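Heads up: the protein sequence lines correspond to chains F, Z, S and D, in order.
Heads up: the first sequence at position 95 corresponds to 163 in my numbering, and the numbers run straight through without jumps.
Heads up: the second sequence at position 190 corresponds to 258 in my numbering, and the numbers run straight through without jumps.
Heads up: the third sequence at position 178 corresponds to 286 in my numbering, and the numbers run straight through without jumps.
Heads up: the fourth sequence at position 257 corresponds to 365 in my numbering, and the numbers run straight through without jumps.
It is worth saying that the hints were derived from the structure and are not from the lab.
Everything numeric in this text was worked out from a predicted model, so none of it was measured.
Do not take every clue at face value.
What the hints assert, rightly or not - Derived lysine-lysine pairs resembling BS3-like cross-links, with alpha carbons at most 25 Å apart:
#1 Lys-254(Z) x Lys-359(S)
#2 Lys-360(D) x Lys-254(F)
#3 Lys-400(Z) x Lys-400(F)
#4 Lys-359(D) x Lys-254(F)
#5 Lys-254(Z) x Lys-360(S)
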Amino acid sequence: MRVDIDLNPQEIEFRGEFRAWLTRNIPAGWEPSQARGLSHHESWELRRDFERRMGRDGWLGVAWPEEYGGRGATLMEQVIYQEELARAEAPGLAGHVGLQMVGPILMEVGTDEQRSRFLPPILRGEEVWYQGFSEPNAGSDLASLQTRAVLDGDEWVITGQKVWGGFAEFADWGAVLVRTDPDVPKHKGISFMVVDMKSPGIEISYIREMHGGSNMNEVFFDGVRVPRDNVISAINDGWNAATRLLTWERGVITLAILVNYEIFWERLREYARSTRRAGRLLSELPHVREGLAQTYVNIRMMKLANLRWLAHYLQGARPGFETSYMKLYWNKAHQSVTDLALEMGGADALELPGSDAAPEGSFPIEWMAARATSILGGTEDIQRNIIAERIYGLPRGN
Amino acid sequence: MRVDIDLNPQEIEFRGEFRAWLTRNIPAGWEPSQARGLSHHESWELRRDFERRMGRDGWLGVAWPEEYGGRGATLMEQVIYQEELARAEAPGLAGHVGLQMVGPILMEVGTDEQRSRFLPPILRGEEVWYQGFSEPNAGSDLASLQTRAVLDGDEWVITGQKVWGGFAEFADWGAVLVRTDPDVPKHKGISFMVVDMKSPGIEISYIREMHGGSNMNEVFFDGVRVPRDNVISAINDGWNAATRLLTWERGVITLAILVNYEIFWERLREYARSTRRAGRLLSELPHVREGLAQTYVNIRMMKLANLRWLAHYLQGARPGFETSYMKLYWNKAHQSVTDLALEMGGADALELPGSDAAPEGSFPIEWMAARATSILGGTEDIQRNIIAERIYGLPRGN
Amino acid sequence: MNLELSEEQEQLASGLRELLVGSGDIARVREFAYEGGGRDTALWEQLVKNGWTSAALPESAGGLGLGFEEAMVIAIETGRCVLHLPLCETLLASRAAGRASGHAGQGLLGEIAEGAGVTLAVGPSAGGINDADDGVRASGDGQLSGTLRSVPFGPLAARCLVEAELDKGGTGLFALACDTAGVEWQERQAIDESVPRFDLALRGATAASLFGDADAQSEVDRVCDEWRVLLAAQSEGACRRLVEMTADYVKKREQFGRPVGSNQAVKVRVAEMAAAVEKMRAAIYFAALAVERESEERALAVAIAKVETGVPGGFVASQAIHTHGAIGYTWEQDVHLFVKRVKSNELLLGAGHEMLERIADIVVDGAP
Amino acid sequence: MNLELSEEQEQLASGLRELLVGSGDIARVREFAYEGGGRDTALWEQLVKNGWTSAALPESAGGLGLGFEEAMVIAIETGRCVLHLPLCETLLASRAAGRASGHAGQGLLGEIAEGAGVTLAVGPSAGGINDADDGVRASGDGQLSGTLRSVPFGPLAARCLVEAELDKGGTGLFALACDTAGVEWQERQAIDESVPRFDLALRGATAASLFGDADAQSEVDRVCDEWRVLLAAQSEGACRRLVEMTADYVKKREQFGRPVGSNQAVKVRVAEMAAAVEKMRAAIYFAALAVERESEERALAVAIAKVETGVPGGFVASQAIHTHGAIGYTWEQDVHLFVKRVKSNELLLGAGHEMLERIADIVVDGAP
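Start from the sequences and build out the full structure, keeping to the hints where you can.
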């Protein structure tokens, strides 16, 4: 596929430089089809090593301002950066919570001490952060979270349970939302705390997902003590601090994600062009051809729609409610291409990886992953409400 | 297509008898493709004449009990009756409001005087009824209707406006819901009145529909006087009386309607088998084949699902909330087969009847008609609420 | 334009919108197209006077010299008010004439500069039409004979670009005066009355070949592709207006004591309609760029624009009717005017499956 | 049955349901199939003891002599608890053996009567499988050689019905002991672990032909069609349970201080899932009737049942996950067990498009 937006010479150079770096530095033995076979720890070690190398060579935090050690990359460069990472099928960054959330929040509302303590190790790929937001009873309704922190002398004492964050076991620090005032309206009693993840009282388990793998954690806090200064922004201002960055440039992230779908789609096409059923190539069957065409359109349109909004952002607009459209296109692109994969592959498509008849890239695992797409990052239902209410002004009251 | 349920010998005989009658009695010049070309009055005269002949030969009110002059037909016979009417492409019965609604209501809650005055002419096809329920501001929320009746001496004086009923111009009697007590909760202040449609103060206009034709009326009541006795059931009990019969055996009606879709589908198939594009028969194009197969399945499944519930009713069950499923299948069958018609016909499918290149049966008019299907008789949204709340017990409060 | 309109393009759009709204907007379409008000000469003259009909003429020919991106911007606005005049067709004809080097092209450019409206009769190559027409053949001396079905506007335009088989093989593109000898028009009844359609019967009618004796098939293909993009852009404009009308309606219409739009099921419909329209917008920008830049992705981008405004256009149209309830099914409500345009544009010049086949040829097989 | 179950059939269903729920229901499936608990001999024995495994045997052979409608009723229940044992396959084998007149059929009937479980290895004729297998060939003296992919349950059953190309041409159906010499099984990893799948490699394994030397292609087709109906019935059972689970969940789960199920968007999902399931029910009844009555509509009815449980099954499955939110994506929640069965059954023995092509052959072309 082609670039659908014009790059200037500087951006082309940036792309070339990063692409070359990735070619030399993607760890050996890291390929998507093998990655699933690695143990959790082996995979972790590969990632960490790769990430430290990125940090060493200045490829972490490219979007951070130069005063904090970043590259001050333009939005377009950030897009290029994410696309190249995805295109190279590089390991997902374990440090993304630090790089994309904690760092920017600290730059905006942190103290000087917090910035000088926490920012440099993030940028070097040395310290990894865990995000502790969701709870079993606070999903779409995040603000109803119940993990509590009570001040005891100079320390906060945290008790409660978090779910859905990843890398908890390996993380150095946790960025955790806790309730510090239960007596005010729910959004107003929440604080944002930094927790040493090796503290006593933290217990970590894994949530097994429907495909059998475990990438997400449950983290139990039982009287975990945190120094009083570990609050980011003001006490009870945690909700504002955390959500300010949740409508983070979705364009950038989404453009990176869709490279994965482009790659998956190309794999499907190759599969169709090399697999026969009853003597005919799948790529000759009309419904397969139409399915490939339609899913190509879905993915390409996700990209074009995002690029259109990106053009606004490049001219200085702030991302707004249109990010809800992006999420809907994202769901559609991902779910439709994985539906096609199973339909096309037929009985063979049922095979999990490790089976030699399994189509490359494991269609059923990708199909299952796509089921989560309409849930994560704000469910489909919530995005539709936002579009109807915020963009078209339909009455809320539901 | 075949009958998907076993008929007993008596039912087979009933079918044969009615089919033979129809063959002899469908009015000359009445064919669906020509019908649209008739003027409103010409079409009306044909219908009336046909209907009086039906009445004469005992083919109206077959479902009515014998004590009221009906045939006391079994449910299965009613289905057969409706199917045969549809299959013969007979004129829609102008008397259906009297036959299917007013008659049964009078049998249930009418006075002896009302029964002996109104039932026989309905059964003879001599008096036609208009149904005045909906109002401009009372659609899905019918009970909020605002047409008022005020008692003045021995007469009710009616003022207000009704929409969506048909045949108002030709009707002898109106069955009209009016508000007789504005001071009680909205369902409780409604009465059901019989109005002489030739009364002074009634003004009738036509609503033009999107296809340009006009089958529905607006009826304005300006101080229309109605004798005190013309109330059906008790004063302020109109809502109960009227809605008791609105969940009328939808199975029977729906099975009749789907014969129209079967006929339309067969027309599509013939069109596909006789029309070429770029030298190939449409019926050879894979997407046309798949479209025909899928719409066949939609129509056949609508039928099978209805027959399944019909089997319950035949064993004495009363129709319940499952009629909402029937309505959803009906929408789907109708809308998908008309979508296919346009898609398949391509640019030619845009032609209206009267154009010699227009595919038989006017695809765009049928397409437009299908847009109304998800609205009429309880919108799709309402049917889904019913299924979720009444069948699966999801909380109402929305 | 880099997947978003420039300021100048935004101004262009609002300029045309003001003119059309000022002329009466939908009411005028109803009056002239749906209620048989006859030829709307007054509005056409106004469009001429303000330079809209010659917008795509080279400046040297007295036009504004606007490119294809701007033609798309104009098409969006014609969709927003279901314009009942052959403005888009005239822009396309201007572009084709501008590419023709000889006298015929210059002649047509001159006529357009003087206010002539032009329509297009491209048949067999356009797709979506079933086999029935003879098609048109040109004799060696430029006399056209044959028939073509369903030409938009027909004799309501002054000139018609006609695709014809050349005497010596290959395809020609001819400029024909709509009222010349040997030309017969027969009106048809089609769903979208704002674009009256006519059958064209030619019996030795004299016409001028834009590209001489050369096979102009690629030019005809290009005209068809550009037309597809403008149809898609019209549909986007019409669909966007349907979303706006629907949102307005459900905010006002009350049932059960509250606005219909407070029901979440209604919100889902409006949100999905809006999502479809935003995607259409990106698709037509992409297609316009591909045409303007003569990108090798032209065929792909055009097919995508047609696909994205096709079935999704039908979806928006159906949802608009449904969400308006029974009102949306009436003649008096404006919904149906837009619905009819959107459904027509979906089926003209190749509908969804036909376009998906083209896309499959390109992306699955790697066809050029 | 006339598109609804008889009272006896209802009792049959509730009898099996009680047994399966009593045995531990889903927990048992997890224990044995998903958590590697090994061969579930105890539950199989219980099924044998209660006559379920021999339900489709003629009474003369010691069975209940139940027909295909009843097999479908049983299949629905195996879907409701994603049963991890080859009960449906054994019923199908019983029916095939019952139609065979010779010793081989009688022998198989006898083994089933004594509690043997049977699985089915029908390959190329079944559809939905890509070209890779050799297929199996039978030598003149009944020795089978070749390979077939993805046989459900494999050696967990005692016998296997194998489709094989006959020496002298045509297709045979053979009864094979799963542990006889020359048989090799290799387990695969597939999405639905409750039906473990195995590759079958045969090297001169001795097996008995059910239909002698005759070409039994029509018998193989019949077995495949009957299997499709039972897969569809399983999917209906699994989907119905998904709807129930989802409705229960959204009634209990609260967000923003009220049950998730009070949101109309959630109601729409539940209603559409329910509507899909009710249609499935009608489709499988119709198909079972067509098989039972040897109707000329068998092929059509079977394809419809597969279509109605295919894509709509995937819809119900996806919606069930979505509506449960992140919880629905976890291993601990039961949703995925049903989702996996439904998606597998959709793709086995021919998915949507393949079945629609069959339907088109019949209803468009009038193929027999």
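Evaluation of the provided hints:
Between Lys-254(Z) and Lys-359(S) the alpha-carbon distance is near 23 Å, which keeps this suggested pair within the 25 Å criterion. Taken as a hint, the Lys-360(D) and Lys-254(F) pair is honoured in the structure, with Cα atoms around 21 Å apart against an allowance of 25 Å. For a cut-off of 25 Å, the pair hint linking Lys-400(Z) to Lys-400(F) stands: about 22 Å separates their Cα positions. Proximity of Lys-359(D) to Lys-254(F) is assessed by CA-CA distance (about 23 Å); at most 25 Å being required, the pair is judged to hold.
Annotation: proposed proximity of Lys-254(Z) to Lys-360(S) holds, straight-line Cα distance about 21 Å (limit 25 Å).
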